[in-house]
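Engineer: The primary structure of each chain is shown beneath.
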Amino acid sequence: MTDTELRVSKIQDGTVIDHIPGGTALHVLAVLGIDGSGGEEVSVGMNVPSDRLGRKDIVKVEDRELSADEVDVLSLIAPQASINIIRDYEVSEKSRVSRPTEVVGVLSCPNVNCITTGDEPVDSVFDVLDDGVRCRYCDTIVRDDVASLIEST
Amino acid sequence: MRHDHLIGAKQLSRADIESVLDRAAEFDADPTAFADAHPDALLALCFFEPSTRTKMSFETAIKRLGGDTVDMGTVESSSVKKGESLADTMRVVEGYADGIVLRHPSEGAARLAAEFVDVPVVNAGDGAGQHPSQTLLDLYTIRENAGLDDLTVGVMGDLKYGRTVHSLAGALTNFDARMHFISPDSLRLPRNVRFDLHESGAVVKEHTDLDAVLEELDVLYVTRIQRERFPDESEYRAVAGEYRIDAETLNDARDDLTVMHPLPRVDEIAPDIDDTDHARYFEQAHNGVPVRMALLDSML
Ligand SMILES: [Zn+2]
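Protein chains in written order, with this note's numbering: chain A, 1 to 153; chain B, 1001 to 1300.
Honestly, the hints are just simulated from the structure, not real lab data. Hints are supplied without guarantee of correctness; some may be wrong.
Each pair of labels, with its calculated beta carbon distance range [said to hold, decoys possible]:
no.	chain 1	residue 1	chain 2	residue 2	range
1	B	1265	A	112	24 to 34 Å
2	A	131	B	1247	42 to 52 Å
3	A	151	B	1206	29 to 39 Å
Which residues of chain B face chain A? A partial, calculated answer using Cβ under 8 Å [unchecked claim]:
no.	residue
4	1025
5	1085
6	1086
7	1087
8	1106
9	1107
10	1108
11	1109
12	1111
13	1112
14	1128
15	1129
Every value quoted in this text rests on a predicted model; they were computed, and no experiment measured them. Each residue gets a CB set at the ideal place from its N, CA and C atoms; glycine is no exception.
Use the sequences and the hints to build the structure in full.
Structural biologist: Next comes the structure, spelled out in structure tokens:
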């Protein structure tokens, strides 16, 4: 058993998200709304060596399969991530994330003067660009650190 | 125009713009002849921040078309002060009026309003966002003076927060225009406007000095640099002085240069330009009425 495997042990059923940029695993959990309060078993490996990324994070969530929407949003902060759905200790589905055209209600606009940051009854909507996201209300473009826009749940 | 709402310049095609400007020319020729056009139309004026001119211009336009206005009054005296959401205010006003003209201090306000109502919404300025009806009258003025083809336009001043600039830049991508943006580094065009200009393939250059391009320009569009954008008065003075023009500045300009300004100006255009053939800003302000008549006529 290698060091990496030791740090993040095998799971019976659930999802393994691999190839997350080093140090951003907690953002990934935030996107998925996983904070441990639901009792789910979560393992996180941070900054483990990776051939592809140099350093990567890994997240394993027991008894939870990611929905397509969740994978979409994940792609914004972890565009290289791979998703492995585990059933009975085996990888039953393996996929890469793909970028959606928009994300709704997930990010909050960094423009403090944007109408969506007030008490209006609307979800935020961001169009996804090749290299960032853009608020559909105020047009603000964010390229760096999209993860910091994730709405606290 | 095939749109229910006018939110931003991006939604305007060349054909949309030309049809409004052509119709505006008819209203301009005889503004009193259309009093039967919309005799029952009620336009709600919802100004969440003050703008006497824009408001009066819309008010005049709808009255020239035979319609009338209902006015929200000042924010201080309205339910907004009590914390009502914009969405709720708009849904209430929708029940009163056939169209809504919205001026709001937050970017994206008009887009949000349009999602909640079925009557047409005109964005009359949303924060540092867009001001598309101003753009239509700007284009009308440009067309009258310089034409809209093979055009070299300089836009100078506060390009970062200047919503009239953002809308104008977007609309000009429909035409064969070379655009020069002249501002201090701290007040450059925002990233999203530059992104759209780039995407549209527009010919765009940015400068910090008007001298670099003045001689080429058909149109020089000047905007005010606002004092409150700067941490202290001396910094503001240092910058503002660089972007002020007077008759002498224009010695090197083309004889047929058209100088425009969305008004009100403070001192960025010296009064000695007013009497020259370059000055078109009062004419530009006047054009607000026929252009807004044409706009409302197409929407109501
Ligand atoms: Zn926004």
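Engineer: Run every hint past the structure and note whether it holds.
Structural biologist: Taking the hints in turn, this is what the structure says about them:
A hinted range of 24 to 34 Å for the beta carbons of residue 1265 (chain B) and residue 112 (chain A) is consistent with their spacing of about 29 Å. Range check, residue 131 (chain A) to residue 1247 (chain B): Cβ separation about 46 Å, and the 42 to 52 Å hint holds. Taking the beta carbon of each, residue 151 (chain A) and residue 1206 (chain B) are about 34 Å apart, inside 29 to 39 Å as hinted. With its C-beta approaching chain A no nearer than about 31 Å, residue 1025 (chain B) sits outside the 8 Å limit, and its interface hint is violated.
Against a cut-off of 8 Å between C-beta atoms, the interface hint on residue 1085 (chain B) holds, since the closest Cβ of chain A lies about 5 Å away. Checking residue 1086 (chain B) against chain A: minimum C-beta separation of about 6 Å stays under 8 Å; hint holds. At about 5 Å, the closest approach between the beta carbon of residue 1087 (chain B) and any beta carbon in chain A falls short of 8 Å, and the interface hint on this residue holds. Annotation: interface hint on residue 1106 (chain B) holds; nearest CB of chain A at approximately 4 Å, less than 8 Å.
A distance limit of 8 Å between C-beta atoms decides the matter here; for residue 1107 (chain B) the minimum to chain A is near 4 Å, and the interface restraint holds. A least Cβ separation of about 3 Å between residue 1108 (chain B) and chain A falls short of the 8 Å threshold, and the interface hint therefore holds. Hint on residue 1109 (chain B) holds. Least Cβ distance to chain A is approximately 5 Å, under the 8 Å limit. Restraint check, residue 1111 (chain B) versus chain A: the minimum CB separation of about 5 Å is within 8 Å; hint holds.
Satisfaction of the interface hint for residue 1112 (chain B) is found here, the shortest Cβ-Cβ separation to chain A being roughly 5 Å, below the 8 Å cut-off. Restraint check, residue 1128 (chain B) versus chain A: the minimum CB separation of about 7 Å is within 8 Å; hint holds. Residue-level restraint check for residue 1129 (chain B) holds (minimum Cβ-Cβ distance to chain A is 6 Å; threshold 8 Å).
In terms of the numbered hints stated before, the structure departs from hint 4 and from no other.
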